[in-house]
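Enquirer: Protein chains in written order, with my numbering: chain A, 7 to 482; chain B, 721 to 1219.
Derived by calculation from the structure, the hints in this document are not laboratory data.
Values in this document were obtained by computation on a predicted structure and should not be read as measured data.
Wrong hints could be hidden among the right ones.
[What the hints assert, rightly or not] Using C-beta positions, here's what the derived DEER-type ranges look like:
| no. | chain 1 | residue 1 | chain 2 | residue 2 | range |
| --- | --- | --- | --- | --- | --- |
| 1 | B | T1081 | A | K409 | 31 to 41 Å |
| 2 | B | G908 | A | L292 | 34 to 44 Å |
| 3 | B | K920 | A | F171 | 53 to 63 Å |
| 4 | B | F741 | A | K71 | 50 to 60 Å |
Glycine included, every Cβ here is placed at the ideal spot set by N, Cα and C.
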Amino acid sequence: MAQSIVSILPEILMTIFGLLLIVIDVLAAEDKKAGVGYFGIAFIILALLASIPPFNGFKIFGFNKMIVWDVYSYAFFLTFSFAYILSTLGSVDYLKERGINKGEYYIVMFFSVIGMMFMVSATDLTVFYLGLETMAISMYILAGYNKKDLLSNEAGIKYFIMGAFSSGIFLYGLTYVLGYTGSTKYHIIAEYIRTNGLSHYSIIFGLILMFAGFAFKISAVPFHMWAPDVYNGAPTPVAGFMTVAPKAAAFGGMIRFLMIAGMPASSKWQLFFAILAVLTMTYGNLVAIAQNNVKRMLAYSAISHAGYMLIGLVAANDYGYRAIALYTMIYAFMNIGAFTLLGVLKNKGIIDDERLESFAGLAKKHPLYSLAMLIFMFSLAGIPPLAGFIGKFYIFMAAIKAKIYWLAIIGVLNSAIACYYYMRVTVYMYFREAEYEVEANVRPAAFIATFIATIVVLLLTVFPSTFINIVKNMIV
Amino acid sequence: MMGNILTILIFFPVFAALVIFALWRSGKATMWAAFVASVIEFILTMPLMWNFDKSTAAMQFVEKYSWVKAWGISYYVGVDGISILMVFLTTLLTMISILASFKYIGKRQREFYLAMLILEAAIVGVFVALDFFLFYIFWEAMLIPMYLIIGVWGGQRRIYAAIKFFLYTLAGSVLMMLAIIALYFKHGQLTGEYTFDILKITAASAQYSVGFQTIVFLAFFLGFAIKVPMFPFHTWLPDAHVEAPTAGSVILAGVLLKMGTYGFLRFCLPITPVASVKFVPLIAALSVIAIIYGALVAMVQEDVKKLVAYSSVSHMGFVTLGIYALNQAGIEGGILQMFNHGIITGALFLLIGLIYERTHTRLIADYGGIAKYVPVYATIFAIFSFGSIGLPSMGGFIGEFLVLVGSFKSLSNYAIVAASGVIFAAVYMLWMYQRVFFQTPNSRWEGIEDVNVREFIYLFPLIILVFWTGLYPETFTSYMHESVRSLLEHVNTVNIALK
Chain A
7 MAQSIVSILP
17 EILMTIFGLL
27 LIVIDVLAAE
37 DKKAGVGYFG
47 IAFIILALLA
57 SIPPFNGFKI
67 FGFNKMIVWD
77 VYSYAFFLTF
87 SFAYILSTLG
97 SVDYLKERGI
107 NKGEYYIVMF
117 FSVIGMMFMV
127 SATDLTVFYL
137 GLETMAISMY
147 ILAGYNKKDL
157 LSNEAGIKYF
167 IMGAFSSGIF
177 LYGLTYVLGY
187 TGSTKYHIIA
197 EYIRTNGLSH
207 YSIIFGLILM
217 FAGFAFKISA
227 VPFHMWAPDV
237 YNGAPTPVAG
247 FMTVAPKAAA
257 FGGMIRFLMI
267 AGMPASSKWQ
277 LFFAILAVLT
287 MTYGNLVAIA
297 QNNVKRMLAY
307 SAISHAGYML
317 IGLVAANDYG
327 YRAIALYTMI
337 YAFMNIGAFT
347 LLGVLKNKGI
357 IDDERLESFA
367 GLAKKHPLYS
377 LAMLIFMFSL
387 AGIPPLAGFI
397 GKFYIFMAAI
407 KAKIYWLAII
417 GVLNSAIACY
427 YYMRVTVYMY
437 FREAEYEVEA
447 NVRPAAFIAT
457 FIATIVVLLL
467 TVFPSTFINI
477 VKNMIV
Chain B
721 MMGNILTILI
731 FFPVFAALVI
741 FALWRSGKAT
751 MWAAFVASVI
761 EFILTMPLMW
771 NFDKSTAAMQ
781 FVEKYSWVKA
791 WGISYYVGVD
801 GISILMVFLT
811 TLLTMISILA
821 SFKYIGKRQR
831 EFYLAMLILE
841 AAIVGVFVAL
851 DFFLFYIFWE
861 AMLIPMYLII
871 GVWGGQRRIY
881 AAIKFFLYTL
891 AGSVLMMLAI
901 IALYFKHGQL
911 TGEYTFDILK
921 ITAASAQYSV
931 GFQTIVFLAF
941 FLGFAIKVPM
951 FPFHTWLPDA
961 HVEAPTAGSV
971 ILAGVLLKMG
981 TYGFLRFCLP
991 ITPVASVKFV
1001 PLIAALSVIA
1011 IIYGALVAMV
1021 QEDVKKLVAY
1031 SSVSHMGFVT
1041 LGIYALNQAG
1051 IEGGILQMFN
1061 HGIITGALFL
1071 LIGLIYERTH
1081 TRLIADYGGI
1091 AKYVPVYATI
1101 FAIFSFGSIG
1111 LPSMGGFIGE
1121 FLVLVGSFKS
1131 LSNYAIVAAS
1141 GVIFAAVYML
1151 WMYQRVFFQT
1161 PNSRWEGIED
1171 VNVREFIYLF
1181 PLIILVFWTG
1191 LYPETFTSYM
1201 HESVRSLLEH
1211 VNTVNIALK
């Protein structure tokens, strides 16, 4: 029993902190609700520090092997925390500006992180599903959080309906797997597949449905239809959060499932994900090219990034899942950074709307913001020496290690295509003349978030070891 | 200090850029500070040249620190006889082009000079990196400042040219990244040591199968051929050269193109020698096409800058032909020609920029007889035109001569055709010179200023160098003898071993 408690200690800690946040929210004055967010940041940092796994290869199972706490879970916990911290800082001004500055925003986001942690730590499908729903419900709320905005309303409802549907599909698939193998525990499922193979239609059917549910969560093509509208409609800092954390959680949980339960049949599902990866990358990139709205472009690019991450899953080796963990960490900084900056620019009135034309001539009047945006864009495109390159490099290493050369080639060609639309933002900022004059006012919190993200994106190539060592010690 | 001179050379410009960024707000102050920084950087190159031991092919001034242990990546730099001249060329031309931009760059001066310094750091990094990961980072990092330089301070169609330049070169090098990773795993598989160390990966090249070498070679080849640029990958070059501001053109032609041929020397030949030998006919054919085609297209240009841009395609054809002659004379000629082309074409772009500042036209037809108004300018232009044609006593001659000597030995049919390129060069350069300088004087240009002191200062070292290489090339070739000899030895050994 004691061991079981230890195995979910980080989650317990987070839950206590989450409840504390609710108390703080009750006590906080109406105009001081941002404090809830700051407390949330402090709490999540505390939880991170308190739950560092004591040694490499640390692995502690709990509740009859339903859940596990190890370096792998910790690596993903780091990603969620980065996402939470940056998005919260990015949200403060954004919410104030729109008159929706409520404490529950930060609390819901905080609880979604707990759901994600359960997804990654789960070694049992029911626990995974519980985590998934906790995360998803929080996300539906956040997507529709700006109730005064029609687009945000649409995002919330769309996400909710489609999300609930996909959860249903996932659950349906789960029951088939349960029916065939007689268990929801990963290692028992693995045992069954090892002896009986994937010959029976019910397990194949079940797995395909589960994969479809998973593909929905990471917005892989052809299960992506909800994504552009939801990312576009959600409040900008939420969009940043949504493109990173839930995706990382879905990957983290799914890798754990595939590496334990699905390993005996890896050659079978590799092809499925390879097709998914190619479709996702290519579609996301091609459609992003056609966008004239930067936020929407980032939404489509978020789809294509899920495609790159899928390459790591296809590789089905140590390099692959480490690559995904590393990629999500780096992606948290650059993508949330870009979204936060977008929010900042809009809030300050530096840009009228998110159209490309609004960015014209930005470099002249706001050289530092433009430089930050340039750094995020080139980092997302994967141009060295910026951090995004490290992530891509590791992903392609995984593919080549697994000898899936064709997928690696499609991947790099796609990242060359992606360059075009990321570059367009810089073209407008640096090479074109401004369209209109605007007055700008200054606010600090989001600026800090942008600053942190920029510095990390810049320095990660110089000091990549920090993150690489964390993922290097991971074992599933 | 000599112990980490290379690190200083890479990071001094970055450091200088940061300091300048923090201290000065005005464009003018930044301009002078950046110039001083580039002069210091150039002076720092001198001890490197003097202390270089010419009697060995080993890497010198080596520094190696573990960087990302988990992947076997280290910060590993060093120079040999092939790269040292390129470092010299980079720091020299950066200094000169910063001085040449003083008048030319009118808007957003701060950003321009900072971009130039960052660009310089990245290029030096490319030439001294001995770790594949480090090399690739510098190779790509250089794109961002160059992209901004073309796109912000370029001519009419600058946006198009900047995007084309960026995407074209990027698309070429992404496959190279996959090849690098493939080499990493191959080397790890064969020797048990997972490393990005270029020298170790090179040393094991006899163990790479022919099929593997061919694939890696093709991936590398695409990246380098685009950078050189070889025919038919050259289409980005005229756009980028013509639209870039003078400093951008000088760096592009003078240094960036050399990154491609340097890649052939440092990676294709030593790491995939068997595949390199196999593809000699293809590369030689493409080189000869580039020589003739570039020259013919240059002949019909109406824009002086475009003419020089196309002549670059032709001249770089000589370099690749020389390298793939695979003998001492050919490769040394190729390297010397890389150096000469940097000096001569760099100077020609500077001269074109200089007159453009005064006349705001680059069309040959608009000039006509300006020798009467700007005699000093006409003289200097004549010197570099002759240098470009390859007149004996000037650098261009020695380079082309060595290349032809080398290629006659092993690729005689190609060499015969290539030799006619020299004649074409004379045709387009002299014809252009005649139309610009010697026709009936166009009164429109009466009273334009001749070369002033500042301009003479930055042209003078180039004039010296073009004669120096022409009259006593040994100063420069002596650096490369040993490195080229050992390179050829390695290529032969591996080829024999795998036959």
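Enquirer: With reference to the structure, classify each hint as holding or not holding.
Expert: Verification of the hints:
1. Under the hint 31 to 41 Å, the C-beta atoms of T1081/B and K409/A, about 57 Å apart, miss the expected range.
2. Between G908/B and L292/A the beta carbon distance is about 36 Å. The supplied range of 34 to 44 Å therefore holds.
3. Checked against the hint of 53 to 63 Å, the pair K920/B and F171/A passes, with Cβ atoms roughly 54 Å apart.
4. About 56 Å separates the C-beta atoms of F741/B and K71/A, a value consistent with the hinted range of 50 to 60 Å.
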